[in-house]
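Let the hints inform the model, and build the full structure from the sequences given.
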Amino acid sequence: MAVTTAERPAPITTKRKKNAFSDGQGTLAAMLLSPTLLVLFLVAGIPIVMSVTESFFRVNGGVDPNTGLVNSGTSFVGLANFTDIFAHPATVAGVYGSMDRLINAFLNTTLFTVLCVVLETILGVSMALIMTKAFRGRGLVRASILVPWAIPTIVSAMMWKLIFNTSGVANKVLGFSANPILWLADNKYSQMAIIAADVWKTAPFIGLLTLAGLQTIPSEVYEAAKVDGANAWQTFVRITLPMVKPALVVAVLFRTLDTLRMFDLPYGMIGPNKYSVETLSMFAYQEMMQTRYGTAAAYSIVLFFYIVLVAFLFVRLLGADVVGDEELKAINAQRKRLHALHNKQQKASAKRRTTITSGSAAS
Amino acid sequence: MARKNKLARLTLSVLSATAILATAACGSSGTAGSTASASSDEWSKTGPINYVQGKDTSGYVQGILDKWNALHADQKVTLVELSDSADEQRAAMIKNAESKGASNYDVLSVDVVWTAEFAANGYLAQLPTTLDTSGYLKAAVDAATYFNKLYAFPATSDGALLYYRKDLLDAAGLKVPTTWADMKTACAKIKTTNPTIDCYGGQFQKYEGLTCNFAEMVNSAGGAFLAADGTPTVNTDKAVAGVQWAVDAFKDGTIPKAALTWKEEESRTAFQNGNLVFLRNWPYVYTLAQKTDGSSKVVDKFGVAPIPGLNGPGVSTLGGHNMGVSKYSQNKGTALAFLKWYNSAENQKANLLANSSAPTWTALYTDADLTSKFAYLPVLKASIDGAQSRPKAVKYGDVTLAIQDAAYNALNGTTAPKAAMDDLQTKLTALVK
Amino acid sequence: MTQVPIPVVARLTPEELGALQKPRHEAKWWVGSVASVVGMAFIVIYCLLPFYWMLVSSFRLPTMGLSNDYWPSPASIENYTGVFGTQNNFLRAILNSVVVSVTTTLLTLVFGIIGAYALARLRFAAKGVILGIIIGASMFPGVTLLVPLFKLFTGSYSWLPINWLNQYQAAIIPSLSFGLPLAVWLLTAFFRQLPVELEQAAMVDGCTPGEAFRLIILPLAAPGVFTTAILTFIAVWNEFMISLTFLQSKDMKTATVSLSQFTGTLGYNVPYGSIMAAGVITTIPLLILVLFFQRRIVAGLTAGGVK
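Protein sequence lines correspond, in order, to chains D, Z and G.
Its first residue numbered 1, the first sequence is counted upward by one per residue in my numbering.
Its first residue numbered 1, the second sequence is counted upward by one per residue in my numbering.
Its first residue numbered 1, the third sequence is counted upward by one per residue in my numbering.
For the record, the hints were derived by calculation from the structure and aren't laboratory data.
Computed from a predicted model, the values in this text were never measured in an experiment.
Yeah, the Cβ is synthetic: ideal placement off N, Cα and C, and Gly gets one too.
Any given hint could turn out to be false.
[Stated by the list, open to error] Negatives, chain D to chain G, calculated, CB over 12 Å:
1) M31
2) T36
3) P47
4) G61
5) L115
6) S126
7) G139
8) G268
9) A284
10) E287
11) V308
12) L341
13) K344
14) K347
[To be verified] Simulated restraints on C-beta separations:
15) D:S126 x Z:N194: 47 to 55 Å
16) D:V95 x G:S76: 53 to 61 Å
17) G:P74 x D:F86: 55 to 63 Å
18) G:I162 x D:L341: 51 to 59 Å
19) D:I239 x G:I162: 18 to 26 Å
Here you go:
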């Protein structure tokens, strides 16, 4: 048999891989993602850049003493919109005492977020636990759990406003008709009212997501635990919670970010300019209403950074797995290992004080 | 790696392009000054216009517009209804002005407290000086003026009235009180036979109504928010005395604690359910409290009087709306003709009959068949004549918030009255320069 | 030979007899089941009680808005007829809500599905970055975007001379910005869960990748697509700030904006009855959707929420 030169394998028709991430499908991906990215660029990207620019300006404001007309236009003030919180505080007396209005809003936002999220997580997980044990009436429970979620926020705000009215049914049921609690005034009871309304609306949602997570836990695990003699509490803490953690953490993360931006509920229920319930969103909105667009943009950017910080903490500390692409993670992990190995070998060769090797490659 | 660099560079260039565009755009929109196009023939252009007001709850306005539209087919007026919330109306009008008339508003129904802000910011066109406003209430014309120039045409007014339980006062043999002290003694006497009734109610929730009520406390004690030259004088002894009375009234139960959450509606409900002897509210309560459909328990049992003060009759707060023309209106001629026609004597009379609103044509208050139908008209006229408007300030939003802060903190006991008023004085001095 | 029934005498050991005579469930089981029934009752009451109050308040007389009776006496539907009165234009408002919500949902689904396909199945650089950007875009507070968007859509910038005030697109496009990130995220999670082998098998059988996706993957991802559609629909129906800013005129308001602007016969009235009635009417479409599709929604959240 005549041996000719080794046959070359058939030419590869796919594009050459440039790196581990790319398979040469970049153009197709770009086409498919372009509508989404275009819309987001137009509706989120441009306004955000404009907002950031706006936050460095301030309306001129002063009144011309001769004509009585306001001086028009804006002037560049650098970071003054941000630093004036400390330099020229706009002191208001909220629930926490007298302080600058932005710091008051910041404290309110934090208080609402922490209390609401903690309460709705506890309630939601309890609901999920109850629903897994149930056998009859599951359909009714599942249907009723979706009701609070289906009610529009502004409708819910109006509804709770009616319930918490001074001469409303909350005072009647709690027995305060004679000496009514002023839920909708500007005090700590308004804060409680807001928290109650928000937790009511969102605990079922967390319950649903936790239920989803619970249903993936195979029952053999529980049986094994029972065989090993674990009681209910130990089962819950050592088995249920860790297995439901991924779903729960993501749900809690999204709820936290949403609560940080709370606007509709306090605005509809209590109203604007009430310092005990004013959140950062509401404060920025009020500044916008007074046509002080510079400070409004600045405060909403403060809120945005707060949100980013919280999201970052969740991802790093609690391991929230939002992006979750297995392949990406594997490639990244591989990269990290190679990088660490490379570093180790660099250090080892640096210690050796000489690069002369004896034949084999040093790295 | 090269791919990543390329991507980074692409992102950077896109971001910087956007930034440049944004700054360019920001810059250009900033220099849009508000120098008035001082051409007198801007008032001669005619054509279709939009009339903007809050919710037309009675359905009456469209009927009036139809009458105009029948007379002027080529200058049709369309009704644009905004929210009933004053804040949202103001926001919508400001949005229209800031976008140079993108919403096409022509004639605006402007609350009396917005005149200074809208005029100074160039949202309203100054009305021609040849306009005759002599037949209208002086207080209403004054409320539409800024820097001695007329920016809006008087449309409706409003003053506070004291509603009192005539049956209870008569049973105790008492006359209508004219001072706060008299009111308290009257209540004490009435409480011996009706122990559960509350004495006095107003609107003390933290909103614009609080500013009105608080202004009445201060003004009726002889104090004032602003002196004649426009400087704040809010921490004088007289003003503090007025506030002190209100604070004491809350402490000893003359005013029920729940009143801290009352707006107009809640206070009206309390009065109509027979839980109040005296109520301070606007004239609209009169017809509602006289309704015989079972919602009111005080039908034919109440009367109206001027509000009491510290040493004599009190000073009520001026309310109302005026009609202005947007600076960016294309057909100012029609707009001017329309607002003159809308506020003529006959149309205001018809409006009053349909709406029980407070007209601004002075003669209507002494019209025989109106006073027979609306018994409160003479009292209302007295109230408006003596009324004091809220501080005229370009930054009215901040001014009213400062007043509400001081009032609310004083009334719910967080701050002492003198300290609250001193604080308010500092804030107002900075705001009303 | 005939079969003679042999009497079977049960021969039980004493232990078996004892076991048979024990009650079927032990006390612990009863406690557990009673507790779970109580728990379920608690959940149902918790979820439905405030809604019950809203229903009851809407069926009262218009003048008895603040009444505290647990049952309306007398019951009346005046609030509902009042809601649809000419002054409120509520039917038109609901229509506007439907138009905006349906259009936004459809657009979100289309853009989201193709975007999620790219993110789930294709390999390209910066995939993590792009997904991060998309999710990050949904983290902005609405207030930040409001004024620039208003200026953008009313032609304040000479490079975009449009005036979209009081037109549907001014509300649809911003609503896309918060629906899309959520949709992309959910759908990406769904598509990732479906094994690549299915598509590969289809392609071996001669489908193009597009066909494989359309005919095999999409039907399998139906629960996820449903969940995404419903979540988006609810979020857009709920939307308040953007509709308030861009759809101002009487004919263009959405249901939520119209509801928040209800008045009684005179400016100061707060017609609790009509507001509650309008609230019930605004909630009913969502309730119907949610209850009708509840199995799919729960299945969708089950499949997608856990990775």
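Check: Which of the numbered hints above does this structure break?
Finding: 1, 2, 3, 6, 7, 8, 9, 10, 11, 16 and 19
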